[in-house]
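All chains should be built: construct the whole structure from the sequences, respecting the hints.
Here's the letter readout for the chains.
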Amino acid sequence: MTTMAQDTQPNKLTPAELAKREGLRARKPYVADKLAAITEMEERGEISPIIRLEKSYLCNFQCTHCSAEYYMDRHQKKVFKIKDARRKIDLDDIRELSRQADELGLARFVITGGEPLVMKDFDAVVEAIDPDKHYVITDTNGWFLDDAKARHLKSIGVEKVQLSLDSMIEADHDAFRNKPGSYKKVMRAIDASLNAGLNLLLSTVLIKGRAKSPEFLDMCRFATERNVGLYVSYAKPTGSCTEHPEFVIEKEDADILRELEKDYNVFTHMTPTYGSFKGCITVKGIITVTSTFEVTPCPYIDFSLGNLRETSLKEVLARGMRNPWLGPYRPDCIIGEDPKFIKLHTEKTRGVTHLPVPWGQGFSDTDTLTD
Amino acid sequence: MNLNELPPLFDEHGRCMPANLNAPALAQSRRYFGITTPQIDYAAIHARSTEHLGGSGILVDEFARRCENLMHALRADSRTHGISKGVAVPFLLPRAEHADYGEALSQRYIPAVAHAFAQAFPQYSFTDHNKNVMAGQLGIAPGSRHERLLQAMQQGPVVGCYFPCLSEYSLPAALERVQALPEQFLLAGGYDTSAALVGTPGLLQRTDGYPPLLWLAAVQAEKPLVGYYYEAYGYNLTFNRRPHFGQAAEYWNSGLTVLG
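Protein chains in written order, with my numbering: chain W, 261 to 631; chain G, 772 to 1031.
No wet-lab data here; the hints were simulated from the structure.
One should not assume that every hint holds.
[Unchecked claim] Away from chain W, derived, C-beta distances all over 10 Å, residues of chain G:
1) E776
2) G805
3) E822
4) S827
5) L830
6) E839
7) T851
8) A867
9) E874
10) R879
11) P953
12) Q955
[Stated by the list, open to error] Distance condition first, Cα-Cα at most 30 Å in a straight line; then the derived DSSO-like pairs of lysine-lysine:
13) W/K338 / W/K439
14) W/K288 / G/K902
15) G/K994 / W/K574
16) W/K338 / W/K608
17) G/K902 / W/K280
From the three backbone atoms N, C-alpha and C, an ideal C-beta is built for every residue, glycine too.
What follows is the structure, given as structure tokens:
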């Protein structure tokens, strides 16, 4: 039904969202203030990307579409017969990153990996980020997320869990994730997260054609009925997915998803939310800090914008924003939809043993769109 | 110098070529964001414009003739010939005199786009995401020549063509560029861009790629470095406001208007 909607659902805070924000303000006023300031920062031309922190790539799964697989020790050992000797980040590095991020007004960290909940120092990482200064989120495949673990996460300052669910068909989810029993663990983790008062997002990967499937509609219904957001990530031709170019979506898939957003609690990183319209969120909305302190502009682009041991976070972000691929506002996903960028990325990352490709060899200050 | 010896102003795809600009514009375009050339149906455009913007007193035949004459004149001049290779959107505006640009845009022209879009595409939606009150806040960018459109509207109904040909320009560059173009080119603003979308509501619909965002470049917003625009969201249409910071982007388009 066509409507002339003035600020429809994406911009209006629901009572539940309002309650969450008020709760956060009561517990963590400094974090709430920073989050509330993001719109004003954007109006001034400043950015406040979410920082994805990949301290460790250790994982108990081996998913078909994993974007981090090529960063993992097991991949380097198996494919390249090498051991990555690069210096890895430690807790002091994370404290310094947290400090620099706070100074720039950045407010959100996602601990990712690998599977964060297998990290022995997970609690120490949360402490190093400082949950009183930053909104802390963790990704997880849900395998270890039972009631006790969920309560523990909440107690150490984690606010939100992003839980991967790749099909509403149990066998398909388990096959996609190469882990029998994982679907049941996700269902358990949903209940555990909600029971513990954690904010919860379900995260799923959209491969070509899936948006039209009854299974995907079931997942949209499931998330909406549970009052949980369903975050959809397009399959990108990077990591393990490099071997599955058939997964890469077409515009039709993205447009079907845009229509589903009207009826279900489903969204992508490019969905307008609460008045923020970033389009492709590279640098503007997200960055990834890898285990070697390199910064990439999104989880799926394996080109570095700089290493935080050599370059400040402020300058790394400035490099990203002045890059013609990354800085300007655009409505599509460059690594998931733009054939020219996908080709460029594939060529420059092919056979690279140590990802990401360093600053100057992938991205540089001389990049143009038309070379 | 013979005018015909001057270099063309538009490329073979209709893009107004950036030249001698101080403000940023991308020198070359890879044409990644683009508008599919719409089928021109003068009767349908005339009917939609009449229904959603009001009667103009101009008959369909006259509307079509004046648009064709305008295009013929552009084609005949070697400097402007290229613009005819790009997207041209005929529009019709009834006589009107508005004391407040922002109020008229928000109360009359944007709703007209919404209704035209709803009628043409009942399965999709038009959303006005703008939260700012525009009444009393908007003006005409000095040097845009957009005031000539308003003067023409005060005198009677206006026939024109909208050309989304300032692709990949910053807004300051679009403003700079129009000042160096022949006198018949006006920078498009709120009324003409809206009229183009009323007549051709599917202008930004694409299934095989992404269309650009259309700035209302001749509109001076309430703050410097902020602008208003129409943008597709999938098969839906939106209106919104955002800072542009004087930057150029591959996704950004401004338009030229020629009156017929």
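How the hints compare with the structure:
1. E776: holds, 29 Å
2. G805: Its Cβ never comes within 10 Å of chain W, the nearest being 13 Å, so this holds.
3. E822: holds, 15 Å
4. S827: holds, 23 Å
5. L830: holds, 30 Å
6. E839: With a cut-off of 10 Å, G/E839 remains clear of chain W, as the shortest Cβ separation is near 32 Å.
7. T851: G/T851 is indeed farther than 10 Å from all Cβ atoms of chain W, at 25 Å.
8. A867: holds, 21 Å
9. E874: Given a closest Cβ separation of 16 Å, the condition holds.
10. R879: The claim stands: G/R879 keeps its Cβ more than 10 Å from every Cβ of chain W (closest is about 13 Å).
11. P953: The claim holds: G/P953 sits with its nearest Cβ about 28 Å from chain W, beyond 10 Å.
12. Q955: holds, 30 Å
13. W/K338 / W/K439: holds, 20 Å
14. W/K288 / G/K902: Holds - the C-alpha atoms of G/K902 and W/K288 are around 28 Å apart, at most 30 Å.
15. G/K994 / W/K574: Since the Cα atoms of G/K994 and W/K574 sit roughly 26 Å apart, the hinted pair holds (cutoff 30 Å).
16. W/K338 / W/K608: holds, 21 Å
17. G/K902 / W/K280: holds, 23 Å
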